[in-house]
Amino acid sequence: MSHPAPRFLVPLATRDERSWPGFDIAEQRAQALRAAELGGFAGVVAADDLGGDEASVVAYDALRASRWLEVVQELPISRGNPVYAAKQAASAQRFFDGRLGWQLVVDEPGPSQTTPPARTRAERYARATEFLTVARGVWHDTEFTFEGRYHQVVGGGFREALADLPFPRLHLTGSSDEALALSARYADVHLFDDLDTALAHGPALRAAAGDRPLEIGVALRVVAREHRPEVPRTIDPRTALVGTYDELAERLAELVAAGITTYLLDAHPRIEETYRIAEHLLPRVRDLTPAGGAR
12 MSHPAPRFLV PLATRDERSW PGFDIAEQRA QALRAAELGG FAGVVAADDL
62 GGDEASVVAY DALRASRWLE VVQELPISRG NPVYAAKQAA SAQRFFDGRL
112 GWQLVVDEPG PSQTTPPART RAERYARATE FLTVARGVWH DTEFTFEGRY
162 HQVVGGGFRE ALADLPFPRL HLTGSSDEAL ALSARYADVH LFDDLDTALA
212 HGPALRAAAG DRPLEIGVAL RVVAREHRPE VPRTIDPRTA LVGTYDELAE
262 RLAELVAAGI TTYLLDAHPR IEETYRIAEH LLPRVRDLTP AGGAR
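So for the sequence shown, our numbering puts the first residue at 12; every next one is plus one.
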């Protein structure tokens, strides 16, 4: 079975990670974004962070400051309205050549902010199904009507300037039965938290999606160095890639062959390590994968 070319994403900072005079969070993000774009990454992720900068602001600033990067906005559905979220996204797609993606936050801990509240996991995933039904409905239909438990729409839909735009590439997460069922129905990409879970659930999830394309991905910390003595030995290999450039390139090529094709790579210090990965690791991976020339 052939798989798409690997896609590599990096997270953007939502808080000041340096505390250096004259080098504020906006400049840190700008340099990290430049490193990702110059280095050939496919995109960046703007995480939802209640104590940090608003994800939508980070995402739209990244879209404005980049030329071709996909920018994935983490979107907590417990605090959002699907029609308003879809309209914001449609405007972004119009202005920025369809480069906005979404990563929904579904199974949030803490109190629900919807009415009625979604207190259990089953209720939260039912709410997510309604959210996506409504968002896609108003996106693709000019007279969309929906009556659900959490969301209602009567005769809604996008017209004129907001019509016929690409829906955001949808990233979903989680390993519960409810999470996998939602991804099988809706996701373009499913991101797991560790390699063991991705390898265990990925094939069945792709099969459950049927003829609909679904990429399997994983979020990992990365520590890549030129020589083995430079590599730390105290990091969990299930949630991190740790090794020399050649070792990690071979490991990533094996994972791509196994069907894991999207990678959210987190490394610190963010700017320097993004350049390091781009210069030394990604070219080696592309040389080892059949469709390696794609970003």
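The reader is advised that the hints may include incorrect statements.
Claimed, not checked - Here are the simulated DMTMM-like pairs of lysine to aspartate or glutamate, each with C-alpha atoms no more than 25 Å apart in a straight line:
#1 K98 / D205
#2 K98 / E38
#3 K98 / D60
#4 K98 / E65
#5 K98 / D118
#6 K98 / E28
#7 K98 / D35
#8 K98 / D108
#9 K98 / E158
#10 K98 / D199
#11 K98 / E119
#12 K98 / D64
#13 K98 / D152
#14 K98 / D72
#15 K98 / E154
In case anyone wonders, no lab produced these hints; they're calculated from the structure.
Going down the list of hints, with the structure as the test:
1. K98 / D205: Since the Cα atoms of K98 and D205 sit roughly 33 Å apart, the hinted pair is violated (cutoff 25 Å).
2. K98 / E38: With Cα atoms ~29 Å apart, K98 and E38 exceed 25 Å; violated.
3. K98 / D60: holds (22 Å)
4. K98 / E65: The hint holds at about 18 Å.
5. K98 / D118: Since the Cα atoms of K98 and D118 sit roughly 23 Å apart, the hinted pair holds (cutoff 25 Å).
6. K98 / E28: Given pair K98, E28 is violated - Cα atoms ~32 Å apart, limit 25 Å.
7. K98 / D35: violated (31 Å)
8. K98 / D108: Distance of about 15 Å is within 25 Å: holds.
9. K98 / E158: With a Cα-Cα distance of about 19 Å, the restraint between K98 and E158 holds, given a limit of 25 Å.
10. K98 / D199: Holds - the C-alpha atoms of D199 and K98 are around 20 Å apart, at most 25 Å.
11. K98 / E119: holds (23 Å)
12. K98 / D64: holds (21 Å)
13. K98 / D152: Answer holds: K98 to D152 is near 13 Å, not above 25 Å.
14. K98 / D72: holds (17 Å)
15. K98 / E154: holds (15 Å)
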